[in-house]
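Chain order of the listed sequences is B and R. Every position in the first sequence, counted from 1, becomes a number in the numbering used here once 14 is added. Every position in the second sequence, counted from 1, becomes a number in the numbering used here once 888 is added.
I should point out that these hints are in silico values taken from the structure, not numbers from a laboratory. Note that the structure is predicted; figures quoted are calculated from it, not measured. It is possible that some hints are incorrect.
Claimed, not checked - Cβ-Cβ distance ranges computed for the label pairs, FRET-style:
(1) R:A1005 to B:S55: 18 to 24 Å
(2) R:D1125 to B:V25: 47 to 53 Å
(3) B:R62 to R:A937: 38 to 44 Å
(4) B:A72 to R:P894: 28 to 34 Å
Cβ coordinates follow ideal geometry from the N, Cα and C atoms, glycine included.
For reference, the chains in residue letters:
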Amino acid sequence: MNEIRRLLHDVNDELSIAVLELELLLEQAGLDAATSASVASSLDACRRAADGLRQVWARLGPSRELA
Amino acid sequence: MENDPPRRVLVVDDEERALRLVSRVLGGDAIRCRTATSAAEAVAALAEAPEIDVVVSDIHMPVTGGIEFLGEVRRRFADRPWLQLILITGRATVETAVAAMRLDASDYLFKPLEPKALRESVQHALSRADSIREVRGTRPGSTGAAELQQIVDTARQLADDLRRTAEPDSNLRMLGLLQKLQEARDSIFGEAVMPEPAWEMLAELMGARLAGQQLSVTSLALSSRSPMTTALRRIEDLIQGGLAERVPDPTDRRRTHVELTQEGVARMRAFLDGFARTVFDPK
């Protein structure tokens, strides 16, 4: 179980890096509308993936998870 | 201010890509980021750079974890009460939340990190560091009289703030003033005066209500500045006392919000109105 948790942490770390990269890209001036939409859509996908990850974590426990 | 030197922030993470990105998010004219990929490297950086005001550290690190590292920072640099700690974690657990409270962390952020939240958190931490440095800045060689002068100066500042707050009927402003009083108290007395968790949470709940925001159990507990177990007990006391209630989050059934009851709102309003009258018409 600990190995699974470690892997989940690693996946979350990678997602965090992707989100930061994409957010910084979005903050740059000069992106055309199509590129901006594409980056925003990728960000949205990353956030949904992170949300899924949190659900896996919640199912793994421990029961002392915060509300 | 235009000519102020850049503020120093130390970012600690074993992942170099994360360091690079966080530095880019925070970097600018006003902030200079220093980075470290391990606890040992970070401690060495702090030892040679007392101008560092904020440490932003990942909790999940090999060899020496973030909590252990930050505990070491608090012990080794106890003479730098202005040093602010921001913890970053992938997942909230009771253990890390309690550790954050014990370390008097300025904030506790979750991955994936959002640049806006990170910048706001660091700015808030820098402001806290400023306040503490201001009060303690003349500390070398200070006497009791000098410390008293600091308290008097802080009180004068507060009195000015009170005068500027002309409308005694604003509950939100009164809450802001109470928070400033508390910050002044904390900066002068430090840990010698313990927080009052039930009161801190009542004020937080009232602030959230006035701002039209909702608070999760976790956020509320963290705002109490007390150990998590104590905070959760005090939340139960508030609920049992009819001042607060749990409200399920309709968008996430795993999450529960806490709100003031009508009785809680009425009593807070009565308190804040009374406070305003005392401040503005102290007869």
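We went through each hint and held it up to the structure:
no.	hint	result
1	R:A1005 to B:S55: 18 to 24 Å	21 Å, holds
2	R:D1125 to B:V25: 47 to 53 Å	39 Å, violated
3	B:R62 to R:A937: 38 to 44 Å	40 Å, holds
4	B:A72 to R:P894: 28 to 34 Å	41 Å, violated
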